[in-house]
Amino acid sequence: MSPPVPALSPEQKKELAAIAQRIVAPGKGILAADESTGSIAKRLSSVGAENTEENRRWYRQLLFTADKRVEPCIGGVILFHETMYQKADDGRPFPQVIKDKGALVGIKVDKGVVPLAGTNGETTTQGLDGLMERCAQYKKDGADFAKWRCVLKITAHTPTRLAVMENANVLARYASICQQNGIVPIVEPEILPDGDHDLKTCQYVTEKVLAAVYKALSDHHVYLEGTLLKPNMVTAGHACATKYSPEEIAMATVTALRRTVPPAVPGITFLLGGQSEEEPPSTSTPPTAVPNVPNVPELCLSCVTVPRLCHCPQAVPVSPGWCHSAVPRLVSQCCPQCPRRDHVPVGWPE
Amino acid sequence: MTGVVATVDKGVVPLAGTNGETTTQGLDGLMERCAQYKKDGAGFAKWRCVLKITAHMPTRLAVMENTNMLARYASICQQNGIVPIVEPEILPDGDHDLKTCQYVTEKVLAAVYKALSDHHVYLEGTLLKPNMVTAGHACATKYSPEEIAMATVTALRRTVPPAVPGITFLSGGQSEEEASINLNAISRCPQWITFLSGGQSVEEASINLNTINRCLLPRPWALTFSYGRALQASALKAWGGKKDNTKAAQEEYVKRALANSLACQGKYTPSGTAGAAASESLFVSNHAY
Chain A
1 MSPPVPALSP EQKKELAAIA QRIVAPGKGI LAADESTGSI AKRLSSVGAE NTEENRRWYR
61 QLLFTADKRV EPCIGGVILF HETMYQKADD GRPFPQVIKD KGALVGIKVD KGVVPLAGTN
121 GETTTQGLDG LMERCAQYKK DGADFAKWRC VLKITAHTPT RLAVMENANV LARYASICQQ
181 NGIVPIVEPE ILPDGDHDLK TCQYVTEKVL AAVYKALSDH HVYLEGTLLK PNMVTAGHAC
241 ATKYSPEEIA MATVTALRRT VPPAVPGITF LLGGQSEEEP PSTSTPPTAV PNVPNVPELC
301 LSCVTVPRLC HCPQAVPVSP GWCHSAVPRL VSQCCPQCPR RDHVPVGWPE
Chain B
351 MTGVVATVDK GVVPLAGTNG ETTTQGLDGL MERCAQYKKD GAGFAKWRCV LKITAHMPTR
411 LAVMENTNML ARYASICQQN GIVPIVEPEI LPDGDHDLKT CQYVTEKVLA AVYKALSDHH
471 VYLEGTLLKP NMVTAGHACA TKYSPEEIAM ATVTALRRTV PPAVPGITFL SGGQSEEEAS
531 INLNAISRCP QWITFLSGGQ SVEEASINLN TINRCLLPRP WALTFSYGRA LQASALKAWG
591 GKKDNTKAAQ EEYVKRALAN SLACQGKYTP SGTAGAAASE SLFVSNHAY
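As they're listed, the protein sequences go chains A and B.
In terms of our numbering, the first sequence has 342 at position 342, counting the first letter as 1, and numbering is strictly consecutive.
Heads up, our numbering is the position in the second sequence plus 350, with the first residue counted as 1.
Since the hints were made in silico from the structure, they are not lab data.
Mixed in with the good hints, there may be bad ones.
Said to hold, decoys possible - Okay, derived cross-link-like pairs now, BS3-like style, lysine-lysine, Cα gap no bigger than 25 Å in a straight line: (1) K360/B to K449/B; (2) K42/A to K153/A; (3) K87/A to K111/A; (4) K593/B to K208/A; (5) K13/A to K449/B; (6) K13/A to K99/A.
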């Protein structure tokens with residue numbers, strides 16, 4: 001093995017880790033307001049608004065200037081490129097508006113999915129060209145984190161080995177480039193809920209995909225403490241005949257994450273399956289079967305997995321009471337409410 | 351109830367085309383052997399793979415081959431109701447520094463868990479037996495137990511999924527006392543660290559310190575010992591082959607067992623009254639069974 005060549009300096013690592021921690025601080029989640037011009041059109045037209053630049057600006061301003069009750073709830077806001085450079089009525093650029101409310105600014109940096117030839121409709125995601133320069137500029141303009149979405153689909157024969165390998169690799173390249181520019185990458189390997197597969201199948205595929213993602217991140221020397229994961233919850237396909245309870249979904253989801261996500265990852269922010277940026281839910285489909293991860297005593301969420309689970313924008317409350325009865329050993333090692341809190345100033349782990 | 355562990359590998363063999371790297375054999379008939387061990391009362395099995403650090407090692411081949419073997423072994427064990435202890439030992443031979451060992455350990459463990467995933471191994475029914483992250487024995491720099499602990503815990507946090515219930519460290523040539531002290535430091539490795547403000551603007555420093563003043567380094571798996579030489583060295587010396595020394599030898603063993611039990615809870619204080627061989631280095635170059 002060649003001698004280690006550090007990808008990041010200790011200062012760069014500190015900065016990235018601090019950003020990631022701020023985004024997923026207790027009680028906080030992310031507002032994803034990064035709909036592209038095409039996707040926002042459907043949203044606006046659904047309420048009878050024309051898709052003009054001014055309407056897009058006005059709608060985002062509405063969200064970003066909501067009163068201070070949102071401040072303890074929102075750790076970060078993800079923007080689309082156009083929105084980064086729009087201004088509020090008072091002349092402040094939107095990144096400034098967001099920061100003034102104590103949240104961090106994120107930017108969607110991928111350039112959409114493209115087909116993988118020789119597969120049955122599988123895709124990879126493009127956007128790596130010039131990403132280094134774009135990230136440097138976004139950082140200057142106020143962004144501290146980024147988002148890149150890869151998409152996988154479950155059928156009898158997909159996702160294929162190629163699709164998993166290619167998408168995991170492109171996520172790792174994106175993550176590596178972001179970190180070089182002081183930007184925390186949110187890693188999003190979305191497995192679509194399309195299809196009639198059952199819960200077990202989704203769990204199996206999610207475990208395989210996430211194992212591949214973390215191997216790719218390791219291969220590309222990505223600093224895990226300065227990343228976030230944005231996965232799908234584990235659910236059955238939309239057309240699956242069996243209906244599963246929130247507890248079953250929670251158990252499948254947490255199990256899959258426990259088997260694949262190393263504790264160094266500071267946070268997991270779930271996406272809502274079926275509400276992808278490119279396909280907002282139509283009124284004729286059943287409501288998205290993805291509930292808030294429930295307050296189930298058997299799953300003390302801040303203890304069972306070390307990455308803190310936030311279903312954006314609401315975090316799941318944790319009661320120390322049932323922590324202690326359910327998982328006593330784990331609790332003493334990681335529950336924030338636990339009494340064992342020696343803290344000693346030491347260097348940041350490298 | 352104590353579990354009985356069966357060593358099921360058949361030792362290391364060379365990998366041709368490498369500079370002394372090895373893989374571990376023992377898969378032939380492993381299915382039948384495990385079934386028999388299970389009948390005979392074994393609950394766990396152990397399989398040791400060995401990797402070495404130099405400027406050019408471990409090679410991609412060595413990492414890939416050894417992790418694949420560990421995953422095959424683990425898969426077969428589980429088919430027979432036996433919990434596989436997965437042991438990807440990175441030898442302490444050499445003059446590499448702590449950072450290098452940490453880097454290699456992270457790469458190797460990432461490959462181990464990818465292989466276990468590929469082979470459909472049930473992580474909740476495995477244990478990991480890794481080396482602690484230490485500098486090579488010939489390294490000029492000496493590191494404190496706290497530095498060793500931090501490097502070890504960091505490497506594990508970056509690679510071992512929470513589903514793994516326990517990690518039992520091998521002692522890898524450390525003396526009995528060193529092995530206990532380092533385990534103690536690992537157990538005491540701060541759960542919380544405090545950020546220094548280091549050059550941030552007043553604004554930033556307040557925000558950061560206010561919202562995330564403390565950062566978690568939690569460990570979701572149990573961390574304990576799996577020591578051979580580090581539990582037996584003093585006992586062996588005290589026994590010296592003479593039946594009359596049995597009680598004295600047992601005393602030495604019990605002393606180390608108690609010490610390590612305290613160490614894995616972070617409660618061990620070196621007493622200074624070391625056992626017959628407690629401080630002797632147990633380093634054997636290129637250690638093989």
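Evaluation of the provided hints:
1. For the hint pairing K360/B with K449/B, the CA-to-CA distance comes to about 32 Å; that exceeds 25 Å, so the pair is violated.
2. For the given pair, K42/A sits about 23 Å from K153/A by alpha-carbon distance, which is consistent with the 25 Å threshold.
3. Distance hint between K87/A and K111/A is fulfilled; the C-alpha atoms sit about 23 Å from each other, no more than 25 Å.
4. A threshold of 25 Å between alpha carbons decides the hint, and for K593/B with K208/A the separation of about 55 Å lies outside it, so the pair is violated.
5. Between the alpha carbons of K13/A and K449/B the distance comes to roughly 15 Å, so the proposed pair stays at or under 25 Å and holds.
6. Distance restraint check for K13/A and K99/A: the Cα-Cα separation of roughly 22 Å lies within the 25 Å cut-off, and the hinted pair is therefore satisfied.
Hint violations for this structure: numbers 1 and 4, all remaining hints satisfied.
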